[in-house]
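Letter by letter, the chains look like this.
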Amino acid sequence: MKLLRNTWYAAAWSRDVGADLSTRELLGEPMLLYRKHDGAPVAMIDRCPHRFAPLSMGKRVGDGIECGYHGLQFDCSGACSKNPHGDGRIPPGARVRSFPAEDRHGLVWIWAGEPSRADASLIPDFSHLVSPRLKTVGDEMTQKAHYELVVDNLMDLSHVNYLHAPYQHVDDFLQAKHDVVQDGSALESRRTVAGTRAPQSFRPFLDDPDAPVDYWLNIRWHAPGCCLLETGVVPVGRPREHGLVRIGTHIVTPIGAASTQYLYASSRNYRLDDPDADDETARWQQMGFHEQDKPMIEGVQTRMGERELFSMRPVLLATDAAAIRARRLLAAMIDAEARSDQPVPVAIA
Amino acid sequence: MKLLRNTWYAAAWSRDVGADLSTRELLGEPMLLYRKHDGAPVAMIDRCPHRFAPLSMGKRVGDGIECGYHGLQFDCSGACSKNPHGDGRIPPGARVRSFPAEDRHGLVWIWAGEPSRADASLIPDFSHLVSPRLKTVGDEMTQKAHYELVVDNLMDLSHVNYLHAPYQHVDDFLQAKHDVVQDGSALESRRTVAGTRAPQSFRPFLDDPDAPVDYWLNIRWHAPGCCLLETGVVPVGRPREHGLVRIGTHIVTPIGAASTQYLYASSRNYRLDDPDADDETARWQQMGFHEQDKPMIEGVQTRMGERELFSMRPVLLATDAAAIRARRLLAAMIDAEARSDQPVPVAIA
Amino acid sequence: MKLLRNTWYAAAWSRDVGADLSTRELLGEPMLLYRKHDGAPVAMIDRCPHRFAPLSMGKRVGDGIECGYHGLQFDCSGACSKNPHGDGRIPPGARVRSFPAEDRHGLVWIWAGEPSRADASLIPDFSHLVSPRLKTVGDEMTQKAHYELVVDNLMDLSHVNYLHAPYQHVDDFLQAKHDVVQDGSALESRRTVAGTRAPQSFRPFLDDPDAPVDYWLNIRWHAPGCCLLETGVVPVGRPREHGLVRIGTHIVTPIGAASTQYLYASSRNYRLDDPDADDETARWQQMGFHEQDKPMIEGVQTRMGERELFSMRPVLLATDAAAIRARRLLAAMIDAEARSDQPVPVAIA
Chain A
1 MKLLRNTWYA AAWSRDVGAD LSTRELLGEP MLLYRKHDGA PVAMIDRCPH RFAPLSMGKR
61 VGDGIECGYH GLQFDCSGAC SKNPHGDGRI PPGARVRSFP AEDRHGLVWI WAGEPSRADA
121 SLIPDFSHLV SPRLKTVGDE MTQKAHYELV VDNLMDLSHV NYLHAPYQHV DDFLQAKHDV
181 VQDGSALESR RTVAGTRAPQ SFRPFLDDPD APVDYWLNIR WHAPGCCLLE TGVVPVGRPR
241 EHGLVRIGTH IVTPIGAAST QYLYASSRNY RLDDPDADDE TARWQQMGFH EQDKPMIEGV
301 QTRMGERELF SMRPVLLATD AAAIRARRLL AAMIDAEARS DQPVPVAIA
Chain B
1 MKLLRNTWYA AAWSRDVGAD LSTRELLGEP MLLYRKHDGA PVAMIDRCPH RFAPLSMGKR
61 VGDGIECGYH GLQFDCSGAC SKNPHGDGRI PPGARVRSFP AEDRHGLVWI WAGEPSRADA
121 SLIPDFSHLV SPRLKTVGDE MTQKAHYELV VDNLMDLSHV NYLHAPYQHV DDFLQAKHDV
181 VQDGSALESR RTVAGTRAPQ SFRPFLDDPD APVDYWLNIR WHAPGCCLLE TGVVPVGRPR
241 EHGLVRIGTH IVTPIGAAST QYLYASSRNY RLDDPDADDE TARWQQMGFH EQDKPMIEGV
301 QTRMGERELF SMRPVLLATD AAAIRARRLL AAMIDAEARS DQPVPVAIA
Chain C
1 MKLLRNTWYA AAWSRDVGAD LSTRELLGEP MLLYRKHDGA PVAMIDRCPH RFAPLSMGKR
61 VGDGIECGYH GLQFDCSGAC SKNPHGDGRI PPGARVRSFP AEDRHGLVWI WAGEPSRADA
121 SLIPDFSHLV SPRLKTVGDE MTQKAHYELV VDNLMDLSHV NYLHAPYQHV DDFLQAKHDV
181 VQDGSALESR RTVAGTRAPQ SFRPFLDDPD APVDYWLNIR WHAPGCCLLE TGVVPVGRPR
241 EHGLVRIGTH IVTPIGAAST QYLYASSRNY RLDDPDADDE TARWQQMGFH EQDKPMIEGV
301 QTRMGERELF SMRPVLLATD AAAIRARRLL AAMIDAEARS DQPVPVAIA
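Residue numbers (UniProt numbering), protein chains in the order written: chain A, 1 to 349; chain B, 1 to 349; chain C, 1 to 349.
Keep in mind the hints are simulated off the structure, nothing from the lab. Being a predicted model, the structure only gives us computed values, none of them experimental. In this text, a Cβ means the ideal position worked out from N, Cα and C, and glycines have one as well. Treat the hints loosely; a few may be bogus.
[As the list claims (entries may be wrong)] Simulated restraints on C-beta separations: (1) C/I334 - A/M1: 28 to 36 Å; (2) A/G86 - C/E241: 27 to 35 Å; (3) C/S127 - A/M1: 51 to 59 Å; (4) C/D87 - B/D183: 20 to 28 Å; (5) B/G62 - A/L206: 34 to 42 Å; (6) C/R240 - A/G86: 22 to 30 Å.
If we strip away everything but chain A, and leave its shape as in the complex, we get (with noise of 0.2 Å):
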């Protein structure tokens, strides 16, 4: 699998590394997740370079760990510091790789590339998760598809009028304005519908849910599987800082070829201390990502096997338009990056 290597990636929402060890399997590589003492999140391949155990079989010590099988100490940043052994001297490649690994707008992220080149400030961002005007639900799942299968869901929406209705139905939404705007590196799909029905996921929070409203529906991708979705409606003509919004946040992260994790949250600006608005959204993202678009896209990831994307030679439309460009950004970055006198580090698989 050839992925970008000098951007960071999600590992998991921040709640979910805490003080013990954690595992889990993210590009392509077992990734051990912890925090210090000091609640700085630490990422290493979870593989003792002695005899390839699991560390995460082993135990905290200090900042460090202890490998559970024969005892190796390792400081946070993978550097063997104990061996219990003979006469204790360190072996020089008794290492395990770390990786960058930073706290953000209530997620951790790691590097993947060149650790000198780890630049907090490219973590895109995703500050609406922890911004106190929002109320935010999420959770995460493992769809069993390529990463980019699920970015292209996330980049052609057109799919609401389809796979996620009636609940998301957006009357003459095929035919919107629709705009795809590149931004360095980041790419925007802009829909807007004016004097429309609003949909049946706001309906329930306008005061006159018949009143015709003005519509939009923006998802911006930052690669390599960032996406942040804006939704609103607004009564007609009313400026946008006026309407009920949802901001979305999708982050899919490689496992392996056809396995990625997802991390999905819905923010509103709206009913910010409403269960029953909370309930509302955690039923959705249930129906909609686990029981709509999971199906789908592990469908389609059936449907190709092994293939990669054009080499099946898709039949494309107007709709496809901001998926496939990100998709061939994504390629030339990663091209760039191959082609580039920047060593990428080789033991990501």
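Once you have looked at the hints, place chains B and C on chain A.
Chains B and C only, in chain A's frame:
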């Protein structure tokens, strides 16, 4: 998997294909099956040419279908009939590969080769399945084995004296007169035992179960996987048309390299309206096919792994004559097809 | 999988091989095991040379077997003894590969190499298993790991201080005197700790559990996978024959590339008739082997995937001496065998 292409394969029992979209893996492909409003069967690849979604996750629209992911519509020939996106123009390649399909004798048949060569008169004759003078009981199963291993099982019926004893055991069967006769691309194996004890499977239906009978067992193979088995007993010296006769239907269709769809039925010329005789047949099919043949054939597949039969240099016996000849005939037909200037579709893996 | 061929492998505990046909995967082959009427064990490939049916689905006929598919019979040497078909002539190649098999010390051993070289005196000495002066408790399990990873676990017993702590923890163990001694193709690792605290596993059986003891732990490896572990405690300065001693039997036989049959037992020289001591042993084996070793060894296999140990450049420590030497010895033996002019049977994959 090399398959004979310009031939009819049984896709399903007719009763199992209805107006609703259904899907089954056949010939290494996901096959979408349904019926038009006029009842005619439709078969096409269950994969949208746009983003490769399973069409079976969509819905019927008239005699065609609508993809459940992004809403492309296809008519029952597989041609795209509606693009709901952008300007609605239908892209040139927007077409699903469909297969000529025919209802015949209670089965839905599909033509795996060049569509223009599909000739319904080439469908092998299983008209006994719908004969009012016979009562038919049958079902289907999946064998986790290469389809030729299932054909081998059928074409060497000496196994009834071991695997299916005592219920189907026939005295003097292994030394019985045995002829193997080729008839075009069909092959028939005929065994007769004169003046023997009626096998247990016939005894409950004979006036005098202990009276000696003439017994016969013929099996006719039609490439690549259709077998018709006739077995009967008649009082010694009487013409066969006075006997108790059962016509067995055994039709295998490759699913994948080690997976086979097996449609089976037994049609009897006695006690047509006797539910006890129906039950007797269903019990035997459960025992004989599911509990005896299936574990044995799948055991053979396990013992062979991915190896091809002849590469393992099997020790061949007199009783293998028909099965081996069928294998060689089929191999020659597949080779001839590959060499012919008739272009064979390549979409099937 | 390259295996040492001209050697004995343990196929099963003798008590688990009876008159009935049984089958287990060993050495990459399905192995049919049963006993003749005189009790002698029989081992042959569980695959009929006719149509490759599992012979274990057939039945015993005298000291031989009858294939359950088409009725070929084989004697206990694997030679075809009856062909019920046609003229009954036995085809020249109708032979099942059989293996010299011996009952010895409560185990059934099979010779994987050239049959004429099978010499029962080469079976490693596990006579303690049947000694009247010891009480033995044991069982078997499957490890989803390459057999050398299980040998590594046994040949580096420093892991008891981590993986099996506190029950098997030994004070001062990692700095204990440690000798690795080669004896022909056997290798022994010996550790002694003078004047230490008795480990928890011995304390319930000592008159004064708190009195200091001399402790020893020797493990002897006999290529390719037979280990004999002796551990004991004795009051300081007394001869070992006055001590509490346990002889561990740890015999691994490859099933496949990442699957190993592991036969284990513990034979103690104390409280021979005490069922509580039996229970104590069985509890420890369950905890130590099934709940501690197995997940760790299988975790290592998972982290290694299909890679070979040395190709991953493990960081080696003083404690690895015996295990690495055993690996190198075995590799040299396999290489020597491959280079020898002794023909090695090729039937085993």
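So, going through the hints one by one against the coordinates:
no., hint, in the structure
1, C/I334 - A/M1: 28 to 36 Å, "holds, 34 Å"
2, A/G86 - C/E241: 27 to 35 Å, "holds, 31 Å"
3, C/S127 - A/M1: 51 to 59 Å, "holds, 54 Å"
4, C/D87 - B/D183: 20 to 28 Å, "holds, 27 Å"
5, B/G62 - A/L206: 34 to 42 Å, "holds, 36 Å"
6, C/R240 - A/G86: 22 to 30 Å, "holds, 25 Å"
When held up to the earlier numbered hints, the structure conflicts with none and fits them all.
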